[in-house]
Structure formats: structure tokens, C-alpha cells
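> Turn these sequences into a full structure, and let the hints steer you where they fit.
There are 2 protein chains.
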Amino acid sequence: MDATDQARAAAAVDEARQWDRLMRMAALGAIPGDGVNRACLTDLDRHARRLLIGWAQDLGLSVSVDRLANLFLRHEGTEPGLAPVLAGSHMDSQPNGGRFDGIWGVLAALEAVQALRQAGVATRRPIEVVAWTNEEGGRFAPGCMGSMAYAGYAPPETWDASTDTEGLTFGAELAKHLALEADIPRRPLGVVEGEAPFAYVEPHIEQGPRLEAEDLEIGVVTGIQGSRWFTVEVNGKSDHAGTAPLRLRKDAVQDAVRAITALNALMHDPEDVLRFTVARIEVSPNSSNSVAERVRFSIDFRHPDRTVLAERGDAIERVVQGAMTTCTAVVTERFNAAPITFDRMVRDSIEKAARAEGLGTLRLPSGAFHDAQFLSRICPSGMIFVPSRNGVSHHPSEYTGPAHLAAGARVLAAVLADLANR
Amino acid sequence: MDATDQARAAAAVDEARQWDRLMRMAALGAIPGDGVNRACLTDLDRHARRLLIGWAQDLGLSVSVDRLANLFLRHEGTEPGLAPVLAGSHMDSQPNGGRFDGIWGVLAALEAVQALRQAGVATRRPIEVVAWTNEEGGRFAPGCMGSMAYAGYAPPETWDASTDTEGLTFGAELAKHLALEADIPRRPLGVVEGEAPFAYVEPHIEQGPRLEAEDLEIGVVTGIQGSRWFTVEVNGKSDHAGTAPLRLRKDAVQDAVRAITALNALMHDPEDVLRFTVARIEVSPNSSNSVAERVRFSIDFRHPDRTVLAERGDAIERVVQGAMTTCTAVVTERFNAAPITFDRMVRDSIEKAARAEGLGTLRLPSGAFHDAQFLSRICPSGMIFVPSRNGVSHHPSEYTGPAHLAAGARVLAAVLADLANR
Numbered sequence: 004m005d006a007t008d009q010a011r012a013a014a015a016v017d018e019a020r021q022w023d024r025l026m027r028m029a030a031l032g033a034i035p036g037d038g039v040n041r042a043c044l045t046d047l048d049r050h051a052r053r054l055l056i057g058w059a060q061d062l063g064l065s066v067s068v069d070r071l072a073n074l075f076l077r078h079e080g081t082e083p084g085l086a087p088v089l090a091g092s093h094m095d096s097q098p099n100g101g102r103f104d105g106i107w108g109v110l111a112a113l114e115a116v117q118a119l120r121q122a123g124v125a126t127r128r129p130i131e132v133v134a135w136t137n138e139e140g141g142r143f144a145p146g147c148m149g150s151m152a153y154a155g156y157a158p159p160e161t162w163d164a165s166t167d168t169e170g171l172t173f174g175a176e177l178a179k180h181l182a183l184e185a186d187i188p189r190r191p192l193g194v195v196e197g198e199a200p201f202a203y204v205e206p207h208i209e210q211g212p213r214l215e216a217e218d219l220e221i222g223v224v225t226g227i228q229g230s231r232w233f234t235v236e237v238n239g240k241s242d243h244a245g246t247a248p249l250r251l252r253k254d255a256v257q258d259a260v261r262a263i264t265a266l267n268a269l270m271h272d273p274e275d276v277l278r279f280t281v282a283r284i285e286v287s288p289n290s291s292n293s294v295a296e297r298v299r300f301s302i303d304f305r306h307p308d309r310t311v312l313a314e315r316g317d318a319i320e321r322v323v324q325g326a327m328t329t330c331t332a333v334v335t336e337r338f339n340a341a342p343i344t345f346d347r348m349v350r351d352s353i354e355k356a357a358r359a360e361g362l363g364t365l366r367l368p369s370g371a372f373h374d375a376q377f378l379s380r381i382c383p384s385g386m387i388f389v390p391s392r393n394g395v396s397h398h399p400s401e402y403t404g405p406a407h408l409a410a411g412a413r414v415l416a417a418v419l420a421d422l423a424n425r
Numbered sequence: 004m005d006a007t008d009q010a011r012a013a014a015a016v017d018e019a020r021q022w023d024r025l026m027r028m029a030a031l032g033a034i035p036g037d038g039v040n041r042a043c044l045t046d047l048d049r050h051a052r053r054l055l056i057g058w059a060q061d062l063g064l065s066v067s068v069d070r071l072a073n074l075f076l077r078h079e080g081t082e083p084g085l086a087p088v089l090a091g092s093h094m095d096s097q098p099n100g101g102r103f104d105g106i107w108g109v110l111a112a113l114e115a116v117q118a119l120r121q122a123g124v125a126t127r128r129p130i131e132v133v134a135w136t137n138e139e140g141g142r143f144a145p146g147c148m149g150s151m152a153y154a155g156y157a158p159p160e161t162w163d164a165s166t167d168t169e170g171l172t173f174g175a176e177l178a179k180h181l182a183l184e185a186d187i188p189r190r191p192l193g194v195v196e197g198e199a200p201f202a203y204v205e206p207h208i209e210q211g212p213r214l215e216a217e218d219l220e221i222g223v224v225t226g227i228q229g230s231r232w233f234t235v236e237v238n239g240k241s242d243h244a245g246t247a248p249l250r251l252r253k254d255a256v257q258d259a260v261r262a263i264t265a266l267n268a269l270m271h272d273p274e275d276v277l278r279f280t281v282a283r284i285e286v287s288p289n290s291s292n293s294v295a296e297r298v299r300f301s302i303d304f305r306h307p308d309r310t311v312l313a314e315r316g317d318a319i320e321r322v323v324q325g326a327m328t329t330c331t332a333v334v335t336e337r338f339n340a341a342p343i344t345f346d347r348m349v350r351d352s353i354e355k356a357a358r359a360e361g362l363g364t365l366r367l368p369s370g371a372f373h374d375a376q377f378l379s380r381i382c383p384s385g386m387i388f389v390p391s392r393n394g395v396s397h398h399p400s401e402y403t404g405p406a407h408l409a410a411g412a413r414v415l416a417a418v419l420a421d422l423a424n425r
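From first to last, the protein sequence lines are chains A and B.
Numbers 4 to 425, taken from the numbering used here, label the letters of the first sequence in order.
Numbers 4 to 425, taken from the numbering used here, label the letters of the second sequence in order.
Everything labelled a hint here was simulated from the structure, so no lab data went into it.
It cannot be assumed that every hint is accurate.
It does not matter which identical chain is meant; a pair holds if it fits inside one copy or across any two.
[Stated by the list, open to error] Subject to a maximum C-alpha distance of 20 Å in a straight line, what follows is the list of computed EDC-like cross-link-like pairs (lysine to aspartate or glutamate):
| no. | residue 1 | residue 2 |
| --- | --- | --- |
| 1 | K240 | E79 |
| 2 | K179 | D167 |
| 3 | K240 | D37 |
| 4 | K240 | E18 |
| 5 | K240 | D275 |
| 6 | K179 | D46 |
| 7 | K355 | D8 |
| 8 | K179 | D346 |
| 9 | K179 | D163 |
| 10 | K179 | E169 |
| 11 | K179 | D8 |
Structure representation (C-alpha cells):
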């Protein structure tokens, strides 16, 4: 590791250039209140990817996609046969999302690679900027499909039947997307069809309040809490809202309300570490004067402790069934990601680079899951956090200023100059 | 009143013909389980109306529509200047509805008029078979728009901005529909642009269990309980489901669940006379890992007692507001129909006609609201109920057999022979 090279790479990061690119991306799918709605595998997503590819080609990076449509922009190393260092994040957003979640990590990686090249800092290993497909899971559940497939966590066809709210399947939309990107060279899919990377670094906004509260610039992420997602389907019987006596009904809304109330008790946590969310509800027939025949609702449950995640997660089925009075319920687990701890090599590299830049650092876990959660299974991985104003994300008011984002990109440039020379 | 004419008209009712027409209508919008989904002002609705119009024209009835697309099939009286007797119901269905609710009332009226004509029973007054627009309110809320406008209960443009789940407005869809029926003569809109009818009779399935339980053929409907419909909008703040601490959230799903639970307590009725239903829920952004920013839910509240309807209905706002912990709520009343009592002349005519036919009768109130609720404001009105198997309606399994339906049409034919000669 050459501290001078690291400093030179960091110094070449251009705050205005990075911010300008971010704002141009934010225009694709812009929604009121400075937000972004850019679902994966849509025309908007493809516009954003083409914009990124154009910038990469201007820099002389080589572009490729794999069968999950994960997108790679490769900076060649002096020893091309070595396993590459990957850096990036995702480009899709939540339906009512912000301008920074995901996309900044991809643009920070591009900025860091550009800085390395402009500073004339060569690396032994190749560096690949990566944009993973469907991290958010907002259109097709679950999230992190691209990185899960890349890491061999699940077979690549696992989610083909996942549907969006219009009934389109992930498999069909992916095939359509790949046909529209047929001009881009195809590459093997991660460790399933190819080799593991040497390391993976993901820059991301914190999505929590801690860095801002402590007035620090860089979060050195120690790990990611575990997540378990469920769908609960409550099945009752439709009936006439004006005639059917309440004692004879099988009202799916009423039993769903009872189930959510019982789950609140199960998930009660005086320390407020546990995250329990019911955020998606679909009622059928959803007509105000027909008693509900079916209610489907989602459960998003997260905790950093493996034991809590197992015990309370496994209790969901029993609690839901216990809440049913006249209806029946089916509980399906859709996603289960264990808590992980990031590799020490990457954490140390981030911490040292930040300190060398004179930036204040905080070691902290991630409350959100990220693609790094799956990459960490196949290579040393880590994340760089920058502050989120008011801790808000997944909302149009999500915000991180240009100076904080530039600081994050400088740290990444130095980390890449370090890791890609190991 | 000529009892012989009444008996001859009733005897000319053709059970198989009526059933055959009903089954042909049921094919338009057929859904699994013998159900029907035929929303108002759709192509399916128009197909059904054209099918009805064809049958009416074969009989020599004259066809007209008013500006709400209420459809009239006129049998001329010997004294055409007299106010007509109206008989009918509606042709739209619930989204997951059955084959009998509404449409049978229209076809029974057609069958009764055909029987009168075949039996050579002349009437002094004209008789008009009517199909009211949007009784169900399943696509555009509230229901009974056609009869409310006809009766001058609300101005005809009141619901122009009401939207369906795809964002189409009632006003625009009505205009489109009228353009597609421009070949049909236009008539004045009820008492708003014309004269009041002499009387109104609506045949309908009971939608409750009483006639079946007492093994009786004909319900002589005494009145209709009152209905109040509300929409509750709970406004919170979206946030990241993995990072936002629960104590800092404004989770609209959680406060909506609290509101529904509190409303259950307000609406508790040990006698099970009160009808309280939450059957429509819309969550925004409705993404499983974004805390809900907004929840809208419907309230359908009914009771035969005017005082209960006023007191508990007026308490809804307070109870909802009291349930809010972190969110705010807006409660909007969308529909308010007072309980009504049907006119004695029509009730007596129905009861006598049924007994003359040797049918068992039961006097009972209606739990559902009907177009007759609004017609009763402008002319003597009444309803003829026939048994509903298991009391089920607003569901594909809704069923009434051909013999019961023929009995209902026979009573109607006799009632029309009576009322249209007064």
C-alpha cells in the first residue's frame, strides 16, 4: 500500500462532477419533493443505465452485463489475470424514494475510478464498478436479486415468477431487458459461472441519524442486521356489508387487524433495536360494501442478533394463527438474510483512508440490508457510509450534501488504490 | 282493481323464459364459481344493456335513457298522459358478485310486462321497466347515483369527480357511455327535468337468510335501514423499514389499525343489528420495506334506527382522532341515507297479490340499501323480496332458484296490473 498514491487518488475526486452526475440521474424518474421513482427493469432504469454507460465509455472503461442484468464497468489492472476489486451499489429506487439511496454508491465508484486514472495511479488488480439489479425489491420482491444470484446464494431463476403490481413477472421483464441490452457484451454470472472477486466495497448513505448526530463524516460499517420478510394471507368470505350479521361473517380485514395487533405485541422491544413493519396491504375485493374475502399483508422484521431473529421470526406463524377468529391464514417466508459481520481488511482500509483524509469516523452497523450482505459470503466486503440528513431515506426528502458525498468518494478512491494493489 | 286481470297476468309469467334471460345476462362478466363481475359503464355493462334493449324492442316497448344513463323500456297505457308505474332495479354487479343481485329485478319487470301483454291485460297507466345506473358503487362510490339523481336527492353532476381504481372519473366515463348510446332517444331526468312517477316497485333477492329460514316465498319489504359511508385518511410519514427506530416513526398502517380497533368498540352491538364494515384499504406507497405514509380505509355503517345511526355515526370522527398516536386523520362522510318506511299502498298490493297466488309472505325490512330508498322520496314505493340461499349475496355463490324467481315475477305482474289501473 502506497499512502502517496492513495492521497493522490483521493485528491483527484471532483465534488462538482460527482454532484452533477447525481443530479442528472435524479432527473430520471423525478417525483414531487425532490424524490425519485425509478423501478428496476423499466424504461427509466434503462435510461439511467445508458447514461452511466456513456460516462464509462468516455473514460475508456469496458462495459458488460451478466444474465441477471448486473452491470459492470471495468478499469483494467496492470496484472489483468488477478481477481478484481468490485465497488458500487444499485440504481433502482423505492416507489417514493430519494436521489441518493443506491445510485450514489455507483456514481462514487465511477468517480473514484476516474480519480485514480486522472491521478495516474495504476493498480495491479482490475477494478470493476458494479450496479446490481433490483436491490430495493420495490417492484419485484424480494430485493438484492442481482447480488444474491451473483454470490450463488440462490439459483438465478429463483425469482422468475415474482410479479409486480401489474402482474408482469420478473423473468419476462428480465428477458425483455436483456434483449434491449443485447449490444452490451455478456459476462459470466459471479461465482456461479466465473470467479470470486478479491474484495467488494459499497458506498451508501447511512439511512439513519447517527453520523449526523455525532457530526462525523464517514461511517465504517461493521456489519448488517438480519432481515426476514413474510407475507400473510388471511382468507375469509365476502358478504353483503348491509345484510350479513357480524356474528356470521368471516371478515378478512378484521382478522388481519387482529393479527397485526398480536404481532405488535410479539415484536415489542423496549430498547427499540428491533424493526417490525407492516407496509403493504392488499384487500380483495376491496369494495367498501363487500366484506373482505382476502387480505394479504407484508411483514418486514429485522434484528442484529441472530437468536432474536430466529426466535421471534419463527413465532410469527403461531401468533398469526392464534389471532384468527373466523378466517384462516397462510404465512409464507419470502426472504431470510442472516446478520453478517464485515471483513476486517476492508474495514481497516476504510478507517485508515478516512483518517488520512482528516475525516471523522464512526464504526456502526447497518440497519438496512444491502448487496454487500451477499457479497460478504464470497469475498472480503465492506461499506462506507456518509451522513443522511435527519436520518431519512426511502422518501423524497432523503438528502446528503455534495461535500459529504465527495468525502465518501475520496475515501473510496484511497481504499481502491489500497485494495487493488494487494 | 280487477282480480281476474291480475291472475291472468301472473299466469302468463314464463319461468323458463325468465331463467334463460337471467343466465344469458350472467354470461356477461362471468367469473369463477358462477359469479359475475359487471361494473357500471364498462363495455360489459353496455353489452348487457344492448341485450336487454333487444328483448324490449322485440316486445314493442319504447326505449329511452336519461342523462345519468338510467335506461327505460316503456309499455304504453290506455291513458298515456297519466304518470307511469316504474318497476325494475339495476344491472351492475359487485366486483366479486353474483348472478341475481339487481339484474333479476330488471328482468322480472320485463317478464311481468311481457306477461301483461301476452295475457291481453291493458293498463290505464304506462308501465316503465327501469335499470338504474351504478347502484352498487363498486366501481364509482357511492352507489345509487342513477336513482339519487332521478329523485332529485343530489344534483346530477355531484359525482362527476368520483374515480375508479384506475383513476378514471365517473363524469368522463358517463359522457363516453352516453356517446356510445347516442342512438337511443334521450328523456328528461326524473323529477329534476320531468314528472314524478305514480309508483315504483323493485323486485330483488333478499340478501339475507329470513325467507329461506321460514320457508316463505315472498318478502313484503317494510322499509330500508339507513346507511352512512365514510372514508378515513391516515397521514403519517414514509421511512426506511430497516433503519427508522419505531419510536420515531409516523406509521400510517399502525394508526389505521388502532383506529379500526377503536371503531370496533364504538360499533359493538350485542344484538347484532348494527352493520359495521371496513372493506376497502389503500396503502401508500404500499412497498413492504417502506413505512406507510398514508392509509385510506372505508367505513360502511348501517342501522334501522335513525337515532343510533346519528349518534354512533357522528362519533366516528372523534374515535378515529382519539386513536391517532403519531399520524393525523381526515374523516370524510361520502354517503348518508336515512332509514325509510315504504308506502302502505304498495306494501298492501304486494301482500294481496302474493296471497292470491297462494304464496307465503313475510313482512321484513331490508338490510341492504336499494334504489327504492331514493324513489320512495318522490312516489309511493315498495319492494318484493325472494329467498337467497344461505342468505348469501355480493358473492359468486349467491343463488335463488327459477321457481322462486318466477313466483316473484308473478307477484310483480299482478301488482303492476293493480297499480297501473289505479
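> Each hint should be assessed against the structure and marked as holding or not.
Hints versus structure:
no. : hint        : verdict
1   : K240 / E79  : neither (62 Å within a copy, 45 Å between copies)
2   : K179 / D167 : within (15 Å within a copy, 30 Å between copies)
3   : K240 / D37  : between (43 Å within a copy, 15 Å between copies)
4   : K240 / E18  : neither (59 Å within a copy, 31 Å between copies)
5   : K240 / D275 : between (37 Å within a copy, 18 Å between copies)
6   : K179 / D46  : within (11 Å within a copy, 32 Å between copies)
7   : K355 / D8   : within (14 Å within a copy, 103 Å between copies)
8   : K179 / D346 : neither (37 Å within a copy, 64 Å between copies)
9   : K179 / D163 : within (13 Å within a copy, 40 Å between copies)
10  : K179 / E169 : within (16 Å within a copy, 25 Å between copies)
11  : K179 / D8   : neither (43 Å within a copy, 70 Å between copies)
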